[in-house]
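Undergrad: Now for the letters of each chain:
There are 2 protein chains.
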Amino acid sequence: MAAEAWVTLATNDSYAVGALVLAHSLKSANTTRPLVVMITDQVSTAMRDRLGVVSCLVQEVNVMDSHDSAHLALLARPELGITFTKLHCWALTAFSKCVFLDADTLVIQNCDELFEREEFSAAADAGWPDCFNSGVFVFRPSLETYSKLLSFAVSEGSFDGGDQGLLNSYFADWATKDISRRLPFIYNMTASGSYSYRPAYKQFGKNVRIVHFIGSPKPWQASEASAFQRPVPGDHIGLWWSIFVSHVLPCLSSEMTGVAAQFSQLVVKDERQQVVSKEEQHHSQPQGSPQHVVVATGGEAAAAAAVSSAPSSREAWEQGCVDYTGRDSFDKIMEKIAKTLESQQKP
Amino acid sequence: MAAEAWVTLATNDSYAVGALVLAHSLKSANTTRPLVVMITDQVSTAMRDRLGVVSCLVQEVNVMDSHDSAHLALLARPELGITFTKLHCWALTAFSKCVFLDADTLVIQNCDELFEREEFSAAADAGWPDCFNSGVFVFRPSLETYSKLLSFAVSEGSFDGGDQGLLNSYFADWATKDISRRLPFIYNMTASGSYSYRPAYKQFGKNVRIVHFIGSPKPWQASEASAFQRPVPGDHIGLWWSIFVSHVLPCLSSEMTGVAAQFSQLVVKDERQQVVSKEEQHHSQPQGSPQHVVVATGGEAAAAAAVSSAPSSREAWEQGCVDYTGRDSFDKIMEKIAKTLESQQKP
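Chains A and B, in that order, are what the protein sequence lines are.
In terms of numbering that gives the first Met the number 0, the first sequence opens at residue 0 and continues consecutively.
In terms of numbering that gives the first Met the number 0, the second sequence opens at residue 0 and continues consecutively.
Excised from the complex, chain A in its bound form:
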């Protein structure tokens, strides 16, 4: 079987948090394909390291280093920058077929069957269903297509200023040519209740494979009220937070930026997955008293507050969360080895 992969994109550390949750959701769904994370230079070194642990490949894409004419023409149209970034996925020619997933998507159930679809397959956009939504699509990496897309971007632009407008113009026959290239909506379901047709969700929601947190706020910007409720069926933001708290939060560090750095100050407090700022941890209330859930960081993140069962060092290590500069630093490890050897040498 030719190599196939999921592909996502993180343009900063905040979206990388989304990519990490997405990666864990794919693992939970037992996918047989790896995840490639494309990143830009806005992503911190600490986050690149972390992404490298959970995905097969971290691929830096850097518009400015390119020298071919299409790239240079695009540089004259900075409004297409974000569009351009996503198009890099067609340059991943180590793979024969891929499925692109926006970093604000979440895989709910195994959907490896998507790799049986052909380029270009996507689900209808809920707003204007003659257009596809470009948050999830099946494609074949190809330098020829990549080049054509760049030329098309330069000559035609994007009717919405983003990749969705551009890709809909390029793959203009998507809506009419081949029904198999119209992915069912269950592969890219708008998570926001305000967009969806509630009775249809009630009828078909159990089939949903991938949800998409279109628009704002993103789950990592959710209010504490929704973020810290235990997930219930259909509570996709709750599910996102459940994965985040279990698998991603323990591995964030202060060297990261954006919400990743803000969240790194939080630790899990109890089985209810309440989290608190490290500062508040030192002033925690006596056991048994009600726990507060407070917003620990202003602005973007709505992360909340308190301590207890933060994963042990061993759990964190086993999860691939290596604290290279702290408890798992080279010096500490050498110290541990020396102490162990010393104890063994004693009779």
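Treat the hints with caution; some may be incorrect.
Note that the list lumps identical chains together, so a pair holds whenever it fits in one copy or between two copies.
What the hints assert, rightly or not - Below, in silico cross-link-like pairs of lysine to any residue (SDA-like), each with a Cα-Cα straight-line distance of 25 Å or less:
| no. | residue 1 | residue 2 |
| --- | --- | --- |
| 1 | Lys201 | Gly156 |
| 2 | Lys96 | Glu59 |
| 3 | Lys217 | Arg180 |
| 4 | Lys176 | Glu117 |
| 5 | Lys147 | Arg180 |
| 6 | Lys205 | Glu112 |
| 7 | Lys201 | Thr175 |
| 8 | Lys205 | Ser154 |
| 9 | Lys217 | Ser141 |
In short, the hints are calculated from the structure, not lab data.
Here the structure of chain A is known, so what remains is to put chain B in place on it, guided by the hints.
TA: What follows is chain B alone, placed relative to chain A:
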């Protein structure tokens, strides 16, 4: 060519106002097919007469008079009543193929090409695009299909309590079987800006054929602010009101019910198509002073206020608006004839 027709449904006089505007929009678009209006017994006699003037056929559909087993079984499930009413369109076997249009749709451009599509064709629902929206669909009248649909309604019900859930379950392969049966969104575009993908509308809006005032308020419930602006491109509520004021308002009468009766108290004031209550007409302001647009009726209708160029009797007569009980009553006409004869007999 076998007989083909547009079909709509008015369950009361308020929706019949919508059906009248729809009828005039079809005429303005120079359709070559007639419109059949299905009505229930909630529609007043005055409104039936008016509908008869602008459409080829007013077909009363009456659930309660039916005696076959499917009908009786449905009577035990009153929640399916509204669903059942629309299904009557399959019983219009005088026609070989039809296009159903909800009474809250408006035809913007000729779209007779819809009759080239086959049963069952419909456009994706903007909320859940694996479902079709049942506001516009192509179908073939057939007593066999009608009977099967009734049986299906009784055995399976409707997942949303309406015709859309039922028809989506019955025509369950619509999304996957045949791409030609997926009508482009331009044939059933959600009029509300809050639902649509604005950049896509900007790109593709000029192609729109039919808009659908899904949800509430309906145009006949619009606030005066939106109702009395002159129509601008994309202002579909303004367009609805323009047709309403020009073609429907002059023909409404106090014998009608709902908003039809309320609107019958309004007359056109000036070229700006401001309308006022007849009462206010007698207290109108001096010429040149600012005109007020006021809500003339409480509750449902947001109709507004003042007088002047109400169509003349002759214009109204030529438009088919016969005031059978007023100026065009039998007695008045006989009186006019007598006077005319009398004047001619004078030397």
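Undergrad: The structure should be examined with respect to each hint, and the outcome stated for every one.
TA: Against the structure, the hints:
With identical chains, the CA atoms of lysine 201 and glycine 156 are at most 25 Å apart between copies only, with a shortest distance of 14 Å across copies and 39 Å within one. In this assembly of identical chains, lysine 96 and glutamate 59 lie within 25 Å of each other by CA distance solely inside one copy; the values are 19 Å within and 57 Å between copies. Proximity of lysine 217 to arginine 180 under the C-alpha cut-off of 25 Å is found in neither arrangement, the shortest distances being 28 Å within a copy and 36 Å between copies. Taking identical chains as interchangeable, the C-alpha atoms of lysine 176 and glutamate 117 lie at most 25 Å apart whether they share a chain (13 Å) or sit on different chains (17 Å).
In this assembly of identical chains, the alpha carbons of lysine 147 and arginine 180 lie at most 25 Å apart only when taken from the same copy (20 Å versus 32 Å across copies). In this assembly of identical chains, lysine 205 and glutamate 112 lie within 25 Å of each other by CA distance solely inside one copy; the values are 17 Å within and 38 Å between copies. Taking the shortest Cα distances, lysine 201 and threonine 175 sit within 25 Å of each other only across copies (20 Å), while inside one copy they are farther apart (28 Å). Taking CA atoms no more than 25 Å apart as the test, lysine 205 paired with serine 154 passes between copies only; the shortest distance there is 22 Å, against 43 Å inside one copy.
Proximity of lysine 217 to serine 141 under the C-alpha cut-off of 25 Å is found in neither arrangement, the shortest distances being 31 Å within a copy and 49 Å between copies.
Of the hints listed earlier, those the structure fails to meet are numbers 3, 9, in rising order.
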